[in-house]
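Q: Produce the complete structure using the sequences and hints provided.
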Amino acid sequence: MENSTRSATAGNSVLTPQQQLEALRTELDGIDSALLEVVRDRIELCCRIAVLKRRHSIPMMQPRRVGAVHEHARTYALSHDLSPEFLDDLYDVLITETCRVEDLIIDADGEIDVAAVAPLRHDA
182 MENSTRSATA
192 GNSVLTPQQQ
202 LEALRTELDG
212 IDSALLEVVR
222 DRIELCCRIA
232 VLKRRHSIPM
242 MQPRRVGAVH
252 EHARTYALSH
262 DLSPEFLDDL
272 YDVLITETCR
282 VEDLIIDADG
292 EIDVAAVAPL
302 RHDA
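Sequential numbering of the sequence shown, starting at 182, is according to our numbering.
A hint or two may mislead.
Cβ-Cβ distance ranges computed for the label pairs, FRET-style [what the hints assert, rightly or not]:
no.	residue 1	residue 2	range
1	Ser238	Arg206	42 to 52 Å
2	Ala289	Gln199	16 to 26 Å
3	Gly291	Leu202	25 to 35 Å
4	Leu216	Glu266	12 to 22 Å
5	Leu216	Thr256	18 to 28 Å
6	Ser194	Arg255	23 to 33 Å
7	Arg229	His261	47 to 57 Å
What the hints contain is simulated information worked out from the structure, not anything from laboratory work.
We put the beta carbon where it would ideally sit given N, CA and C, even for glycine.
A: Take a look at the structure:
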């Protein structure tokens, strides 16, 4: 890994630290965009799960599943030199939002179409 105090080269030109920073931020923006897409995909899948729970009268809250998700995140954190507390907190946020969306679907009046509920926002 290159020392951050040295300049990277692009072709024959030397990048300034500011240019290096901008390049790294562009790379980070790409990762952030991918992360947001994955979070959206996760919520959309949870909408489908909520419709299934609604149709078959399955309780929204599944404590064993929540525990398994947290345990998987903890194991991942420990094996990848990440903070287990951070991933635990991250999953708390994800699960809270999932529960909010599932409640809206399960408690809705009438028939539910997942395509119609995909844009479930706090202001909806």
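Q: Checked against the structure, which of the hints given earlier come out wrong?
A: Hints 2, 3, 6, 7 not satisfied by this model.
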